[in-house]
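All residue numbers for the sequence shown refer to the numbering used here, where the first residue is -9 and numbers rise by one.
Don't read these hints as lab results, they were simulated from the structure. One or more of the hints may lead you astray.
[Claimed, not checked] Derived CB-CB ranges, DEER-like:
hint	residue 1	residue 2	range
1	Arg93	Asn144	24 to 30 Å
2	Ala136	Gly2	21 to 27 Å
3	Arg143	Gly105	16 to 22 Å
4	Leu71	Gly47	33 to 39 Å
5	Lys43	Asn144	37 to 43 Å
6	Asp124	Arg14	18 to 24 Å
7	Asn144	Pro45	38 to 44 Å
[As the list claims (entries may be wrong)] Below are the SDA-like pairs computed for lysine to any residue, each with C-alpha atoms no more than 20 Å apart in a straight line:
hint	residue 1	residue 2
8	Lys43	Val0
9	Lys43	Thr54
10	Lys43	Ser100
11	Lys129	Leu139
12	Lys43	Ala118
13	Lys43	Arg6
14	Lys129	Thr54
By construction, the Cβ of each residue, glycine as well, lies at the ideal position given by its N, Cα and C atoms.
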Amino acid sequence: MIVGQSPGVVEGEDRRPWRGRAGRTLRVWLRMDEDEFYETFYCVSMTRCYPGKHPSGRGDRSPTPREIELCRFWLDWDLRLLRPAVVVPVGGLAIRHLLGLPRLDECIGSVYPFGEAIAVPLPHPSGASGWLNDPANRKRVEGAVAVLLRELRNAGARAGA
-9 MIVGQSPGVV
1 EGEDRRPWRG
11 RAGRTLRVWL
21 RMDEDEFYET
31 FYCVSMTRCY
41 PGKHPSGRGD
51 RSPTPREIEL
61 CRFWLDWDLR
71 LLRPAVVVPV
81 GGLAIRHLLG
91 LPRLDECIGS
101 VYPFGEAIAV
111 PLPHPSGASG
121 WLNDPANRKR
131 VEGAVAVLLR
141 ELRNAGARAG
151 A
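Let the sequences and hints guide you as you build the complete structure.
Here is the structure:
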């Protein structure tokens, strides 16, 4: 299961998660085409609705704590119902709320217990954050993807090259 921040504009239009530029980048990282990506992952987000553009015009607005609280029921329900073996929180917001981890550079590339599952966090691939501009962080992403693909194989999922 992949847990993102919230749907974006493209996702709302296409009625399918991870359809925009961030989704294309994520699939490149995972070395998966669209079919393999959607066969491998059930995609959810911290909120169910597009929160709108960020006031600065750069990227989308982060959901408010109240918006996350109102939608948490749906995420908890998905987790209980589907009982995924591997959970992938994508981006700082999902990582903070699901794992309680405050800093990307301290958790990307690691595996964490998550109930009966394991969690492998990834940074958000949107490009709105400058975190990926640091070559050391891009290396962290490469390592995290290798860890994630290994964990998916261990869980019996078909996973990337």
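Does the Cβ-Cβ separation between asparagine 144 and proline 45 fall within 38 to 44 Å?
-> 43 Å, holds
Holds or violated: lysine 129 to threonine 54, with C-alpha atoms at most 20 Å apart | 31 Å, violated
Decide if the proposed pair is consistent with the structure: lysine 43 and threonine 54, CA atoms, cutoff 20 Å inclusive.
-> Within the cut-off at roughly 13 Å; holds.
Given the hint that lysine 43 pairs with arginine 6, does the C-alpha gap stay at or below 20 Å?
-> 19 Å, holds
Hint says 21 to 27 Å; check whether the CB-CB distance for alanine 136 and glycine 2 agrees.
-> 32 Å, violated
Holds or violated: lysine 129 with leucine 139, Cα cutoff 20 Å?
-> 16 Å, holds
CB of arginine 93 to CB of asparagine 144, is that within 24 to 30 Å?
-> Check passed, 26 Å falls within 24 to 30 Å.
Taken at face value, is the distance from the CA of alanine 118 to the CA of lysine 43 at most 20 Å?
-> Holds - the C-alpha atoms of alanine 118 and lysine 43 are around 12 Å apart, at most 20 Å.
Proposed proximity, serine 100 with lysine 43 (alpha carbon, max 20 Å) | With Cα atoms ~31 Å apart, lysine 43 and serine 100 exceed 20 Å; violated.
Would you say the C-beta atoms of lysine 43 and asparagine 144 sit inside 37 to 43 Å of each other?
-> With Cβ atoms ~39 Å apart, the hint holds.
At the C-beta level, are arginine 143 and glycine 105 separated by a distance inside 16 to 22 Å?
-> 21 Å, holds
Assess, step by step, whether the Cα of lysine 43 is no farther than 20 Å from the Cα of valine 0, and give holds or violated.
-> 12 Å, holds
Violated hints, in rising order: 2, 10, 14; the structure is consistent with all others.
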